[in-house]
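Given chain A, put chain B with the ligands in place with the hints provided.
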Amino acid sequence: MNPEERHIFSVLVENRFGVLARVAGLFSGRGFNIDSLNVAETHEKGISQITLVTHGDAQIIEQIYHHLNRLIDVIEVTDLTAGTHVERELLLLKVDTPDSQTRAEILQVAEVFRARVIDTKPASLVLEITGDEGKLKAAIELFDTYGILELARTGKIAMLRGSEK
Amino acid sequence: MELSGAQILVDSLKREGVEYIFGVNGGAAMPIFDALYDETEIKLIPMRHEQGASHAADGYARATGKVGVALATSGPGATNLVTGIATAYMDSIPMVAITGQVFTHYIGSDAFQECDVIGVTRPICKHSYLIKDCEEIADVVAEAFHIASTGKPGPVIIDIAKDAQIHKALFQYPETVDIRSYKPQVHGAPEQITKAAALIKEAKRPMLYAGGGVVLANATEELRQLTNKTQIPITVTLMGLGAYPETHPLAMEMPGMHGSCCANYAFTDADLVIAIGARFDDRVTGDLSKFAPNAKKIHIDIDASCIGKNVPVDVPIVGDAKNVLTELNKQVGTTDIDPWRNQIQEWKQKYPFEYEQKADKVMPQYVIEQIYEHYSDAIVVADVGQHQMWAAQYFKFTEPRQWLNSGGLGTMGFSLPAAIGAQLGCPEKTVVNINGDGSYIMTIQELVPAVTMKLPLKVFIINNMYLGMVRQWQELFLGKRYSAVDYHDNPDFALLAQAFGATGLRVEHTDDVAPALLKAKGITDGPVVIDFIVDEEENVFPMVPAGAGLGDVIRGLS
Ligand SMILES: Cc1ncc(C[n+]2csc(CCOP(=O)(O)OP(=O)(O)O)c2C)c(N)n1
Ligand SMILES: [Mg+2]
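Those sequence lines, one after another, are chains A and B. The numbering used here numbers the first residue of the first sequence as 191 and each following residue consecutively. The numbering used here numbers the first residue of the second sequence as 37 and each following residue consecutively.
Hints in this document: simulated from the structure, not taken from any laboratory. Misleading hints may appear alongside valid ones.
Here are a few chain A residues that sit away from chain B, every Cβ distance over 10 Å (derived from the structure) [claimed, not checked]:
#1 N228
#2 A272
#3 H275
#4 K284
#5 R293
#6 D309
#7 G321
#8 A328
#9 E331
#10 I347
Restraint-style ranges between C-beta atoms, simulated for each label pair [unchecked claim]:
#11 M66/B - I308/A: 51 to 61 Å
#12 D309/A - E38/B: 53 to 63 Å
#13 P527/B - G345/A: 52 to 62 Å
#14 F148/B - H233/A: 54 to 64 Å
#15 E211/B - E277/A: 57 to 67 Å
#16 A520/B - D334/A: 53 to 63 Å
Derived lysine-lysine pairs resembling DSSO-like cross-links, with alpha carbons at most 30 Å apart [unchecked claim]:
#17 K394/B - K332/B
#18 K555/B - K490/B
#19 K235/A - K168/B
#20 K235/A - K204/B
#21 K235/A - K394/B
Every residue, glycine too, gets a C-beta built ideally from N, C-alpha and C.
Bound-form chain A, shown alone (with noise of 0.2 Å):
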């Protein structure tokens, strides 16, 4: 078995009914996973970009990308994970605060993750933190120890350094 490897597509898709269900498919009939998926509008009119990371053998990997682009209503895919690229997802967090001492402890750990309140109300916070993976995923391990009462995430956003295209 050859080692896996996580890969981010950026895939540009025609904004029709239907596209999302067939990239969805694409992945779900052949036994690929979605690991995140992340679909907007782009600034052009009528096209949607969908940001979707994987994983698989190389082999899985060239198959996800041809697959991709057979897709009619796929403009265009590129697997970011080929350049040096940024990454980030955004992560809204309810936390719970019991008590004014808590209360300030969360605070400031918030201020370490370069959170920033976005809700406050007396016995919880709703907090806004961008990162990627890594910083997400400690920030998630730290709150819970105070308990989390909520989590949203966005899915992961990314792109190419510099001028590369």
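Coordinates of chain B with the ligands only, in the frame set by chain A:
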């Protein structure tokens, strides 16, 4: 002037040059059938089951190279089309399947006869469209035909809500189609083609391995040039039979599970395999770890996802077979491989397809040989099972589109409706349908439109009273436990044919085979069904058992 969506659809199909539509009527498609009622350019062929409609459209496409069109209503009509769509998809056949859909405002409400056709067919079509607005119809039809017929061909589904069929709009057909997200790569990379030519020059034991892609790309002429120039021995797969004449000295017959020993031994010994429009299917390669172990591989295919999928490839060339071969032919010359060619000739002579003539039995292989004797120029449409393999082995195909079969999905019931499509598409040709007793009864109802249209089809049933191919596996691998394969309770197919209004004959003796075939030749005002009662427990050999390497082929006769 404004036209109804249904009329726009019909006019659009005319612009695409559609001659025939195979369909079954129903509620959500009634406006379309109504628009076809007094249509003269397009002939509507009422089939007896939607599966028959999709196979007929498929057979038409395989025989002519043009796009086949099937039409059905929503819900059960659409789901009945599914087997035929999947069959076409697996063999990359250009087809457009049109389905009626419930009114837009009912979609998603579990309305009567509603089915999410787009969802059901997503993994078995090249692309699909749901139309809710009649303004879209003309553009969608143009795109659908373009997508179905270019690149790697395949079925495209157009699902049209009933209100879009009824509402009116101006008819404007697009002159050209340009889909920014769909640009098939037809030209092979020049440096790859040069690399391929260099490998061909160096090889001592090269072989060509051509598949259905050569036929789909209409690249038969280029393939023959390549073979002429290089004198490299060639094997053609089940899907490509006829792409190279099987009667030629360089031809090795088909490879794989029931292929020739010669082709399979050649793979095992070759130092270069040149695959063209073939996909290293598991029925061809056997155990991958033992497949062509000493060979470098060149793989020419229009579909990048096919290359390197099963077998690592040294020189991948993504492109249309016709284009790539044209370029490759400019760079290759004669090869210096006499010892290898001699070896191939020796295998060919030593291990031909052969069978034992049992006393008092009509041997199925003999029937096929006789069919070849009498109908060597015919289009042969086979069904799925032992008879299909015997037909592939004992009929010598010389022209592309002469052999039609469901190679990829292996769909029983394919052949009779596909033969109808082929006959309509090629009225000047004789169409022979080689069927099995099990397969025949799966779509036997399509004899009705064949009789109605007086199609001179030759329906030859290789009747072993069993689901023979399954019985063979039970005999060899399951201790003869013949579970659910005994078809002795089938009706008398000759009598049944007569009940359908066709000519029905029954042949039980070897001496009667040739006269019956001759007699069938003379009947041209409708279908002839000959029920050949053959040896019940004959097996298909050679056979590479599932999971074994090609070198471990069981030759059958001791
Ligand atoms: C629709 C469908 N169902 C089941 C099968 C599995 N199958 C493959 S070959 C075969 C037997 C076909 O019987 P028959 O048409 O009599 O042909 P024979 O092998 O006897 O020549 C079966 C059941 C299939 N290929 N397609
Ligand atoms: Mg049978």
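What are the numbers of the hints that this structure violates, sorted from low to high? The structure conflicts with hints 14, 15, 17 and 21, although it agrees with all the remaining ones.
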